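With the hints in hand, could you dock these two chains into one complex?
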Amino acid sequence: MIDRRELLKTLCVAGGTAVVGRDLAAEQSPGRTADEPFGVLVDTTRCLGCRMCEFACAAENGLPDPPADVDGVRTTSPAQWTVVNRYETDKGSITVKRQCMHCTVPACASACLTRAMHKTGPGPVAWTSSKCMGCRFCMISCPYDMPKFEYDSPVPKIQKCNMCVARLEAGKPPACVENCPAQALTFGRRAELVDIGRARIYGEPDKYVHHIYGEQEVGGSNWMYLAAVPFGQLGFPASIGTTAFPTYTKEFLYAVPVVLTLLPPMLLAMSRATRGDAGDGGHDRQEENGA
Amino acid sequence: MTHALTASAPASGVRGFIRFLAREAKPTGPIWTPFNVVSGLIIAVAAVLLVIRFTQGLGSITNLSQDYPWGLWIGFDVITGVAFAGGAYVLTFMVYVLGQEKYHPIVRVTVLNGFLAYVFYAGALLLDLGRPWNVINPIIGNSFGVSSVLFLVAWHFLLYMTAELVEFSPAVAEWLGWNRVHRVLTGMTIGAVVFGITLSTLHQSGLGALYLMARDKVHPLWYSEFLPILFLVSSVFAGLSMVIFEGSITHRVFHHRVGHRLAATHDSLVIGLARICAGTMVVYLVLQLLVFVHGQRWVYLGTGMGAWYLFEILGFVLAPAALFIHGFRREDLRVIRAAAILAMLGIVLNRLNVSVIGFKWYAAARYVPTWMEIEVTLAVICAEIWVFRWVINRMPVLGAAFERPRLVRPRHAEAKVEAA
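Protein chains in written order, with numbering that gives the first Met the number 0: chain A, 0 to 290; chain B, 0 to 419.
Some hints could be false.
Stated by the list, open to error - Chain A side only, calculated, beta carbon under 8 Å to chain B, not exhaustive:
#	residue
1	A125
2	I239
3	T273
Unchecked claim - Here are the simulated DSS-like cross-link-like pairs (lysine-lysine), alpha carbons at most 25 Å apart as the crow flies:
#	chain 1	residue 1	chain 2	residue 2
4	A	K206	A	K90
5	A	K249	B	K359
6	A	K249	A	K130
7	A	K156	B	K101
8	A	K90	A	K130
Quick caveat, the hints were computed from the structure, so don't treat them as lab data.
Keep in mind that this is a model prediction, so the values were computed, not measured.
Even for Gly, the Cβ is constructed at its ideal location relative to N, Cα and C.
Chain B with its partners taken away, still in its complex shape (with noise of 0.2 Å):
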């Protein structure tokens, strides 16, 4: 399978570049297959959706209110999908940094997830925007609302899609045979790197500080002034989780464009990061201990709101937690997988209960969101995993990188490139 990314280059020339595209463009496997035929549906019945919300206004197809100004698409889509995509960060910085070699084969992927998810789900965020035509008001700087933890959080968004569209840029360059692009833009990985990571602990840690100045409005067991470094922490075991997750379907999916190497380590490397999801988990605990003591809440686990709380906490933290630890002992992959899923859904019921679930729990009229809302955002996913197999099926992502440099190498690969 190597040897189809040479293969694939493009011929010499404007046109065989423009052809090369063309028949890159094209897909690679049986378009009616189940998967494509609800997918499509379901893009296609958001885009109609899409249409009324911006021709009608939010109400039109949401159930956002005066009291719940967010919802789904805030809640869900952007602060729960970003926590996600923190695998990138986290990976890149025990690779370029730690110098943990031994990770490598999945970084890739990992950053391409990472960005792809930044994309969709931060840009799902244009959906939920009022005016959406402003967006470029705090970017330009016309107006910079510099005391906003959105107006960081945004900016950091913009930047860190950037840092990762370069960690990512040698996979293009490798896909289009540009030899001499590649090098430039391989120089620049480390810089993206350390820049990507420093965003993202802050973007992160953002999200959280957005519901600061909420104060009284997010029930007082999810409140605390240290929601940002919680952000952060479970930030680590989300994204990681969402790594081992994704590989597990990528690597059934898509194992004919699995490298040798990633193919032969790839379990060890689960159980490595099954070993720094539970440590980063029993972290997360301890910090939520120290929260629950700090604020005295166990004055509200009376209530339904507490067992709600002790719901997520132990069934959805503390489970996970000890099943990666089980797992990573016991080196079994099933049990990781399912810590994995686990953590996630803890994530998501964490994410909710802060901006969705625990906001105004008080409010006579609780949000609950549309199925035309959810429906968007299972379309927003459907076209990430389009995307995602899109770019899988062509470029160099899953492990091919580490096999290309031995193939491409030979001086008159690189003449032929620069001849062109």
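Just chain A, with the same shape it has in the complex (with noise of 0.2 Å):
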């Protein structure tokens, strides 16, 4: 009988520091002040369509060269981290550069069972190869369907912009960012872009939708996104809500500590009830039964 109850207590130790051992929740809540993560400000109404973006991201990632002649709406891909896709709407045509919104609270990292896609400190979420088994639920969780998978490849890996971490760890902006022509694009603390953004829809209140697409989306990003039209018209899910994705799954993940602790030792004891006369008598009837 102790043999049992230790045995159970192990495993139940084993099962259990499996899922409380650590911090429920993938965010790593941002500092403030002066490590507030960085972000980009998109502001539409400037995007010339000029899709240097689109070069300056692939020669910066060694991605294969975009596209030189593009028609209808493209999605990102394995190979090409970032699109420009044009859209013809009330007010004329727009164009809209699309990548990884790099979420506050991601759903991918959330949903990486070995934290192989993760939140970094500066913003950007990234990547490690060595870590991610390739089984795409990252890509079932993303709100914006943009983790990537190679397909056709062997040793497949998920493709996605990475904010170019390497270039923030550096000082540097984003590849795209420096590229850009036009200033459609505004590198900076996330905190200091809410409050351009902002600015902007007071400077000109009839250029702009009084919307940040990406100040509130599921839970906040690190891109966000001015226009002069409702967001649902360029393409972006409208209906996605501001709650951030990983608390869909958060109360039935609560639930898992303690149905580990609870159930156990109620079977146990609903065990020991029904055996009838407790002890030797329960233990005669399992060695008659043969297991």
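As structure tokens, then:
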């Protein structure tokens, strides 16, 4: 009996630590002042659609050159981390650069069971090849469908914009920002970018819709957008809400340690109770049944 | 047939043991049966396909895309396969926790089935992983992604496989004639059962929780925050329907391995299981109705997906639930078996509707599996049947468990083994 209890205890501890051993949340709460994370504000009213950012991105990250002629709405791909699409709207033709939004509390990172996909302190959501097992749960979870998988490689990688994390650490802005000839991309601390966005909207209230996309969406992201038309017209998901996506699984995960702690003793007690005469009697019955 | 068990126990000494294993490894029946030829071909073709898959990448044999990162191998093999393996935790709960001894004769075969289902169907996950060599990362602890539902599911698969192996291990010990080991392993059963049930409730629901972050990607008729509880409740009747279905086949194919007690009581067991299936299906229907009302889902009923939803709920939950009720009232096994098959089809439909059919229902290019993905899935099923058959034909699984103690208990048998 003691052996059994010991075993059970060991197993419970093993199972429990696996789940409650660390903080449940994926978010690493960013500092408020000096280490406020970096971000980029995209002002689509300034974008010329020249696609210089696409080429700069490819050159910086060792990706093949983007196609010279494009039409239709494209998505990012393993070989192209950012795309500029043209949308016909109420206010004429608008071009929009898209890439990973680098969410403040990223769904992909909380989905990752190896921490290959992770939020870095300076802001980028980055991916580590040596940890990733290629399960593609990040792709299932991302509200913007940004992680892309190399289906044609025996050693596939998850590919997406990493906000030029190496350049950021060297004190330089992302390659796309540096190469934008129209100042459509503004690099800076996220909190400052929100202020800049607000200032532009207040300064020219008729030019912009009064909404900074990415300020609140899915808990906020480090990339944010200004536009002259509602963002639904520019291919942005309109109904994703302002709740950080990891919140949707948090309740379930919180139930795990509770179930792991409460259910086994309850089941054990029930098992003892239904055995009638406790102790030896039950043991005998087990023997008789041969397992 | 019962004496065959003791007769097949290994002789003393290491050499004798190896000779025993070599003897047992050989096939017991004719080799060139239609089933063997067909399943052998399926497995051979899958082996070739998998070589292509691991040298050329997943895109070479699957239709997976950036829009559909998970296809048949996850939606059917893993998510549906694990639901079907739910019978093991339900039955061990009934027998070891609730003390329903009546169901003891089918525990072993169900646990074996569950164990093999996890090994093969959860094992099929490895085929789908892009970088399977990193699969140990979340296990060895250099990178615990504890905020991930998949982390929980992966760990629970692993731990539950271990628990089921412990639950089944007395049968292996009996097969090998290791009486002392048998006693130790038997003592571990209740611990493994309690742990296994706990793990099952969490990862059966966890498979549903995987889709909680795919909020806008799963069709609103299938997405809800109650997915985990719906997956858990449906795994009860999915698993038991599988037990009924598997039993009806096993008893025909392996009738020579079925013990007297099981042969005599099997029909009444099936009727009892049908009653539980009916009950849980009614609970599940009520839950579905609550979710339907809560999610104000009626606005979608007029669409094509709405018709598909009604097809699933009415045709493959309500209908089999009614058949189960009819079946256990009339004690009609044929009706019960039909109900079990319908209920299983309903589970396949439901899991695929969440993971594949209703996933990105709005996408321009829908995912349809290639013949090669289906072929590999069939090969996984065939391989599992081969191993199942091998074990059933050698180890005391189908009832022999209950006739064995009376045979081996005599002291001289133990003394002989101890001397070895």
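Need the status of pair K206(A), K90(A): alpha-carbon distance at most 25 Å?
Measuring from Cα to Cα gives roughly 10 Å; hence the hint holds.
Taken at face value, is the distance from the CA of K101(B) to the CA of K156(A) at most 25 Å?
53 Å, violated
Can you verify the interface hint for A125(A): is its Cβ closer than 8 Å to any Cβ in chain B?
14 Å, violated
Going straight from one Cα to the other, do K249(A) and K359(B) come out at no more than 25 Å?
23 Å, holds
Does I239(A) pass the interface check with chain B, least Cβ-Cβ distance below 8 Å?
6 Å, holds
Compare the distance between the alpha carbons of K249(A) and K130(A) with 25 Å, and conclude whether the hinted pair is satisfied.
Holds. K249(A) to K130(A) sits at ~23 Å (cutoff 25 Å).
Given the hinted pair K90(A) and K130(A), is their alpha-carbon gap at most 25 Å?
46 Å, violated
Take the shortest C-beta to C-beta distance between T273(A) and chain B; is it under 8 Å?
The hint holds - T273(A) has a Cβ within 8 Å of chain B, the shortest such distance being about 3 Å.
This entry does not satisfy hints 1, 7, 8, going by the numbered hints stated previously.
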